[in-house]
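K.L.:
Next come the chains, spelled out residue by residue.
Protein chains: 2
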Amino acid sequence: MSLDKVNRDKPLDRLVARLAPDMAAVNVLILDRMASEHAPRIPEVTAHLVEAGGKRVRPLLTLAAARLCGYAGPYHIHLAATVEFIHTATLLHDDVVDESRQRRGRPTANLLWDNKSSVLVGDYLFSRSFQLMVETGSLRVLDILANASATIAEGEVLQLTAAQDLATTEAIYLQVVRGKTAALFAAATEVGGVIAGAPEAQVTALRTYGDALGIAFQIVDDLLDYGGDSSVIGKNVGDDFRERKLTMPVIRAVAAADATERAFWSRVIEAGDQRPGDLEEVLRLLDRHGAMERTRLTALDWAERAKAVLAELPADDLRDMLADLADFVVARVR
Amino acid sequence: MSLDKVNRDKPLDRLVARLAPDMAAVNVLILDRMASEHAPRIPEVTAHLVEAGGKRVRPLLTLAAARLCGYAGPYHIHLAATVEFIHTATLLHDDVVDESRQRRGRPTANLLWDNKSSVLVGDYLFSRSFQLMVETGSLRVLDILANASATIAEGEVLQLTAAQDLATTEAIYLQVVRGKTAALFAAATEVGGVIAGAPEAQVTALRTYGDALGIAFQIVDDLLDYGGDSSVIGKNVGDDFRERKLTMPVIRAVAAADATERAFWSRVIEAGDQRPGDLEEVLRLLDRHGAMERTRLTALDWAERAKAVLAELPADDLRDMLADLADFVVARVR
Chain A
9 MSLDKVNRDK PLDRLVARLA PDMAAVNVLI LDRMASEHAP RIPEVTAHLV EAGGKRVRPL
69 LTLAAARLCG YAGPYHIHLA ATVEFIHTAT LLHDDVVDES RQRRGRPTAN LLWDNKSSVL
129 VGDYLFSRSF QLMVETGSLR VLDILANASA TIAEGEVLQL TAAQDLATTE AIYLQVVRGK
189 TAALFAAATE VGGVIAGAPE AQVTALRTYG DALGIAFQIV DDLLDYGGDS SVIGKNVGDD
249 FRERKLTMPV IRAVAAADAT ERAFWSRVIE AGDQRPGDLE EVLRLLDRHG AMERTRLTAL
309 DWAERAKAVL AELPADDLRD MLADLADFVV ARVR
Chain B
9 MSLDKVNRDK PLDRLVARLA PDMAAVNVLI LDRMASEHAP RIPEVTAHLV EAGGKRVRPL
69 LTLAAARLCG YAGPYHIHLA ATVEFIHTAT LLHDDVVDES RQRRGRPTAN LLWDNKSSVL
129 VGDYLFSRSF QLMVETGSLR VLDILANASA TIAEGEVLQL TAAQDLATTE AIYLQVVRGK
189 TAALFAAATE VGGVIAGAPE AQVTALRTYG DALGIAFQIV DDLLDYGGDS SVIGKNVGDD
249 FRERKLTMPV IRAVAAADAT ERAFWSRVIE AGDQRPGDLE EVLRLLDRHG AMERTRLTAL
309 DWAERAKAVL AELPADDLRD MLADLADFVV ARVR
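Going down the list, the protein sequences come from chains A and B.
As numbered in my numbering, residues 9 to 342 make up the first sequence, in order.
As numbered in my numbering, residues 9 to 342 make up the second sequence, in order.
Errors might be hidden in some of the hints.
Since copy identity is lost for identical chains, a pair holds within one copy or between any two.
[To be verified] Below 20 Å or equal to it, Euclidean Cα-Cα: the simulated SDA-like pairs (lysine to any residue) are:
(1) 253 <-> 122
(2) 253 <-> 49
(3) 315 <-> 244
(4) 18 <-> 296
(5) 253 <-> 48
(6) 315 <-> 295
(7) 63 <-> 264
(8) 18 <-> 298
(9) 18 <-> 340
(10) 18 <-> 55
(11) 18 <-> 51
Derived from the structure by calculation, the hints contain no laboratory data.
Note that this is a predicted model, so its numbers are computed, not measured.
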């Protein structure tokens with residue numbers, strides 16, 4: 009394998025290397041701000057999550073966007089920590105909502121401590137992220153992050169109510185995806201441009217890039233749920249089916265269903281009456297209507313959109329890494 | 009009963025009457041902002057809480073503070089809606105944490121829907137409150153509310169970890185009380201002064217008033233848990249004892265305990281081994297060490313502090329109502 013191939017395969021590692029001093033500052037700030045003088049439970053819970061690693065893709069996006077736009081001030085560090093805190097807070101609340109038992113290969117906080125700690129420490133991290141962004145002194149940044157927070161929360165509620173509902177449209181699915189992933193990706197890149205005082209065309213391009221990258225990423229995730237290698241995707245094939253979640257492949261197969269298939273979907277998704285062999289039937293129906301292939305093409309299309317808008321931004325090795333990152337998120341289904 | 013007596017007894021009703029047009033605007037804004045085009049679960053859950061009434065004391069404090077400082081702009085309405093949203097969000101999360109079944113005389117949202125909805129709709133209301141405060145364009149207001157949010161969240165975690173711990177000090181108790189009640193009261197009055205552009209001495213006085221009012225209110229609440237009329241306090245005598253919460257009367261009795269009493273407290277609070285007759289023994293110990301009486305005097309002292317700082321503010325009927333409100337919150341134990 010050529011070095012070039014390795015480099016193209018690991019754009020996140022290259023971003024980590026390129027932005028190492030900034031990321032070190034972000035990590036110091038995160039550790040400092042998640043401390044609580046009086047409530048030791050707080051750093052216990054957050055350290056459990058933060059130390060587990062995770063890809064830190066969101067803070068990297070903020071740092072890359074700010075540096076790509078020539079920022080030389082201190083506040084991209086605050087904003088990178090902000091988006092990581094928001095992300096960690098949503099993970100804590102998600103685990104309560106999904107009754108999860110594992111996250112990043114470790115027991116979840118709600119299992120190790122209790123749901124109460126997950127809810128309250130999540131709230132604490134939200135409030136800490138809020139303090140961090142206020143420190144930047146930019147009302148525009150606050151506006152962007154307030155709107156992203158609302159989209160995230162609305163998307164989560166939407167996912168809750170859209171589950172088990174065959175009437176879920178692709179438009180609703182897209183909104184759930186924005187809430188789950190793309191809204192924070194888009195805000196992460198946009199605030200990087202804003203804090204750098206980049207021209208409007210660049211700020212818009214950064215926002216569009218983050219949004220498209222997040223959507224591509226989530227569609228791939230949902231696609232692999234029906235056809236990925238469980239050792240790679242970190243969950244089992246069919247988890248979404250068993251939880252009766254309506255994701256893009258199923259939405260497309262349902263839209264093309266005949267009466268018999270419709271009755272099948274109604275039984276397994278709406279009534280929740282799932283029997284041995286049903287997952288195999290689902291995979292057959294997804295294949296019959298080309299739902300997997302069409303979903304795959306949609307993911308590739310979003311990745312192309314992400315790359316295309318980067319033309320608005322200055323030519324730079326960071327820009328190349330962001331382009332490679334868009335390729336990377338869809339590489340598993342290319 | 010003279011009219012004067014009636015008036016002094018109901019300062020909240022007088023504030024409602026005095027600020028009726030403002031409160032009407034706040035209610036319109038609340039209804040508008042809790043709507044969600046795509047996730048009908050959100051207004052269902054919030055309407056359940058908002059329609060249940062509650063005293064709306066926090067938005068009234070913001071409106072009163074702004075008007076008392078001569079504010080004539082539109083943003084006190086946004087800030088009043090903001091503090092009510094933050095309050096409602098914390099109620100939703102509290103009910104999950106406390107596993108409550110009743111709130112304001114109605115079944116709680118976590119019982120009617122599920123814990124998931126309470127967690128996520130709470131997050132949604134936080135994000136909406138955040139959008140509302142950004143609209144005011146005041147970074148100072150954002151700073152105050154970010155700090156209040158952190159104090160609230162930290163206080164909640166602290167309450168969780170301080171429960172069942174006999175080493176809980178009065179200083180920790182005070183921080184829990186600030187988190188539960190006083191931090192949002194203080195922010196509610198302070199932002200009213202800030203948005204009005206009041207002189208610093210007035211802003212400080214408003215903050216101190218809200219803080220002291222909230223502390224007095226919460227101490228009275230905790231005191232009544234050991235000696236109130238259940239039809240008045242809305243819960244049964246001894247609820248905090250059964251939940252092994254360390255409140256001021258118990259903290260003071262524990263501090264004065266001899267070895268035998270210490271063993272008793274350790275059994276009922278730390279080990280959670282509560283037997284018939286234990287509550288009666290608790291009441292006897294509280295009485296023996298004068299813990300109830302001393303707690304009562306502390307509550308009255310906080311109410312006096314609240315009233316005293318009002319001297320910094322313009323003479324006005326709103327100022328008189330705020331003074332009467334401080335008397336009112338401790339009237340049940342006077």
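K.L.:
Failing hints, ascending?
P.N.:
3, 4, 6, 7, 8, 10, 11
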